[in-house]
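Participant: What follows is each chain in one-letter form.
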Amino acid sequence: MKYAYYPGCSLSSTGIEYDMSTKKVAKSLGIELWEIPEWNCCGASSAHLTDHLLALALPARNLAIAEAEGLDVAIPCAACYARCKATEVEVKNSQEMKKTISEVIEREYAGKTQARALLDVFVNDLGLDSISALVNKPLKDIKVASYYGCLLVRPPRLGFDDPEDPQSMDQLIKALGGTPVEWAFKTECCGAAHATTKSDVGFSMIEKILTAAKEAGADCIATACPLCMNNLDMRQSQVEAKFGKNYGLPVFYFTQLIGLALGLNPEELGVNKHFVNALGLVKKLLEAEGRRDTA
Amino acid sequence: MKRVGVFICHCGSNIAAAVDCEKVAENAKSFPGVAFSTDYKYMCAEPGQDLIKKAIKEHKLDRIVVASCSPRMHEPTFRRCIESGGLNPYLLEMANIREHCSWVHPDDKERATFKATELVRMAVAKVLKNEPLDKSTIPITKRALVIGGGIAGIQAALDIANAGHIVDVVEKEPSIGGRMAQIDKTFPTLDCSACILTPKMVEVANHPNVNLITYSEIEKVEGYVGNFDVTIRKKARSVDMKACTGCGTCYQKCPSKVPSEFEMEMMDRKAIYTPFPQAIPNKPVIDRENCRYFKTGKCGVCQKVCPTNAVDFTQEDELVTERYGAIVVATGFDLFDESVYGEYGYGKYKDVITGLHFERLINASGPTMGKIKRPSDGKIPKNVVFIKCVGSRDEVKGKAYCSKTCCMYTAKHATLVREKIKDSNVYVFYMDVRTPGKGYDEFYTRTTDQFGAKYIRGRVSKIYEKGDKLIVRGEDTLLGRPVEVEADMVVLATAMVAKSDAAKLAQMIGFSYDQNHFYTEAHPKLAPVETHTAGVYLAGACQGPKDIPDSVAQASAAAVKVCGLLSKEEMPTEPIISAVDEAICAGCGMCVPVCPYKAIDMKVIQERVHGKTISRKVATVNSGLCQGCGACTVACRSAALNLKHFTNEQILAEVDALCL
Amino acid sequence: MERIELTAALAQGQELLAEVTRESGVRASKCYQCGKCSAGCPVAFAMDKTPREIMRLLQLGLMDEALQSHTIWLCACCDTCSTRCPREVDIARVMETLRIIAKKKGYVAEKKMDLFHDLFLKSVEKHGRVHEMGLILGFNISGMQPLKDAHFGPSMLLKGKLSPLPHTIKDNGEVKKIFANVRKRGGKV
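Chains as they are written, first to last, in the working numbering: chain A, 772 to 1066; chain B, 57 to 716; chain C, 1423 to 1611.
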């Protein structure tokens, strides 16, 4: 299996561990990732909020490069995925837009190459059976709140899972030997850049999600979005301070959880790069594993 | 020499505003064959009709063209008019200058007038070729069929039977009673549903003119008005109805438990069962899919304990064919599948239920003996939320239409919660409150004012579980503020939808249904219980969402139509049917499979050719079955088939008039 | 409370409403004001008008009031409203359109949020990618809060999560051209 790989800007800085774990895990699972050379930013919500054409044109350049290679694009970041998918669908559905876009980016893009969320690729292309067959350190007794956020599932015409109660990440957690918790905030918005630009509003949105995950009995949260990660992980201490709470909830990229279950080195997966200590939970997992081995 | 009279109608301003009617009448005077032409404000009114009749006499007219509305509206009117003026009614031709002209070209009088003139020119050309036609008659079978044994079917059957006609009621379920039997109380009077329904069930069962055929389905329908041949599949009950006394020993002893459909799966029934205690007939059936004997070949407990030896595992489905003069379709409705609302968690959260579940919860013979209890833990709910328009008025996830009954039954439910649980709080999320029935708005006002239900104007966006509570999020759109209720139970007022097999039945009988699969009435205002198929009538929610009073009223209306039909010995048939010119029929048989009414057969004729007698096959049309659709005339390669009143010659005359 | 003269408002708002309809592809008249959007909106708690009220303002042609609201800036583009709307009204798209028009008209109720997006796109145009550290620094300095979130800096650098220097892609001429081509077509970038 070979895909073009579009990491997006966050994965080379704040979300570097998402990039590290994606590459490691893909290799272990036999998925070949061809990183789009000199890819550009998808424009994120900033382009989307400023100009409709710019928002379609920026991702189109990356898709065009992949299309020339004849590859679909695997995209880890949920926000990048949504922007790329929107472009693909709009170009596919309108000859006029196809023409305009090709003129603006000065490359040919016909909407043939598909934007695929990395989670979708793992769960639906590779398949849960193939993944669970390779698990050697199951996430036993770990309760995970799968957090999909907005952009993997909405709007429904672009998403690949149920917009109200998505299941793909939960099924993946199960395949890794972990326990997904039932909770109602899987697709509630974390506020995206609000935590930076309008912190009181953003923090309050983050607080609701962390509280719900805690109340659902989760040991940790799994995510597929670097911005969600920033909000839930890096901002967790700020939210705790503001609301007088104590969550201590590690947040993982789902790729890191796959890596751990495959027995990969936690540091190579970037588990040490989180703000909320995630290594503690990993250690507990490994100790329990050790105990089972000796017993 | 044929003498055509042309009459141009203004239809008030409906036509005259867009078409210069005087000018059209003037233009028509020059058309070949026209002896008289005039215009008038309302041609269909009595003075208009008198005008036509007078002109027939004065100008010795033998053919008439009326240019007015659609023939669907007034062709029968004008046919009657010229008939009483002494002409054969089929020597009339109508030019539709309203729907086909003035209404679609309101802004260009000159060209609309031109188009109207051309439409009249065509009608004149055709009427010159029209032939007088005579109606024949067919006998009427004096027996009616009612499909569906809910309240609408019961009412229709009783009314027909009381008029002295024999009526068969076919019901799919083991008992009659339908949805109304599941309902606890009825609005706006809060009288008990069973108390008013069960006497009617008994009455219909005991009526000497009524035959109940339960646990049976319609298999095939052939024939036409007055003479429908209907095949009914009587499903094997596995219980001998004559021997069974309804003692109930069998279902007390049966070891197989199945979730009860009647109790909305909140209670179990047995594999041998009657759906509810007041079932009619009160004799059980075996649900073979869930019966241990039928699944494994072992058990047979019911047979062993039956004191009258009525259980019969060897029974088979039975097909019976009966002839009926008229059919009333009263097949009712289904409930919308609310599981599409992921945001409401139906199916995931046990305490999110539908209105019909709630009916069973408050019913004294229901799963909780009439105590309102949460399905999850049996606790009595304190805060109850009702959500209206679930599936209704939602073109994305549900149906665009309003289900009509939910406003009232939700008000009823809200009242009953407040009445039964004194310290309860009731919140009703609504978009509009629609209460246009007698005593309905007063009932709703009491719900809020006397019973203190809180009505919140807004659609709920999400329900989720928090501990043992359900968090319900909405907007109070009157305040413009997001609101939240910590509820113990949520009741969804789910839409009424057509039966899942509604389309199948309509196709089998041969009448039309709308995009939502509700059956289509012949006219939304003037023929609300008729279908476009003669002899087939509609009653109840199969035609559209309806409450009990409306269903009963419609059922009685349908019964009157049936009685009107059955009161005659025979009825006239439309002479606009296909005819075969045997001289040129090649006997190819192409027309036979094309006919949707199975009205064409092949027959052998003898004829003399060059002094020799030969026999050959030709097509023949059954005048009782032919509906005049014309499909065969298109299929006929030798043009031997012609539809009377729409012959090739007549239609070509119109085309020539327009094009040459 | 001031009384609204509806006829005048409708006449005045006609042109802008037409622009919103054209740009967003959404007819405000489709909305039947059920409030499901506002009920599910995760940011509604912070808004001055609920999303439903914005739709109502559009229906009545009260465009200025809609364009000057904080709501259109607080919208997080999460699409919950559009996903659940029973009338298939893409409310999120309307919010996006209103923001773009508000900016053109100089009605920006949330200056900081707007600034963030401007800086973001500047970074993209310049380097082809976003330089997160530069973006945050620039944002905080322009926002007169130079030390906001600064405590994350050192540990970010240590974890290898921030690079002090921007990465500029080799083919950045192409990205600059995309911006230029969009501007040529009337894009307000």
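Calculated from the structure, these hints are not laboratory results. Please note that a few of the clues may not be correct.
A few chain B residues that don't get close to chain A, going by computed Cβ distances all over 12 Å [stated by the list, open to error]:
(1) T193
(2) K522
(3) A642
Output of the computed footprint for chain B on chain C, the stretches with three or more beta carbons under 8 Å from beta carbons of chain B [unchecked claim]:
(4) 1459-1471
(5) 1504-1512
What follows is a set of in silico ranges between Cβ atoms, one per label pair, in the way DEER data are often shown [stated by the list, open to error]:
(6) B:K510 <-> C:D1470: 54 to 64 Å
(7) C:F1467 <-> B:K453: 17 to 27 Å
(8) A:K945 <-> B:R502: 34 to 44 Å
Positions of the beta carbon are idealized from the N, C-alpha and C atoms, including for glycine.
Participant: Now look at each hint and say whether the structure bears it out.
Facilitator: Results for each hint:
no. : hint                           : in the structure
1   : T193                           : holds, 60 Å
2   : K522                           : violated, 7 Å
3   : A642                           : holds, 51 Å
4   : 1459-1471                      : holds (count 8)
5   : 1504-1512                      : holds (count 5)
6   : B:K510 <-> C:D1470: 54 to 64 Å : violated, 26 Å
7   : C:F1467 <-> B:K453: 17 to 27 Å : holds, 26 Å
8   : A:K945 <-> B:R502: 34 to 44 Å  : violated, 52 Å
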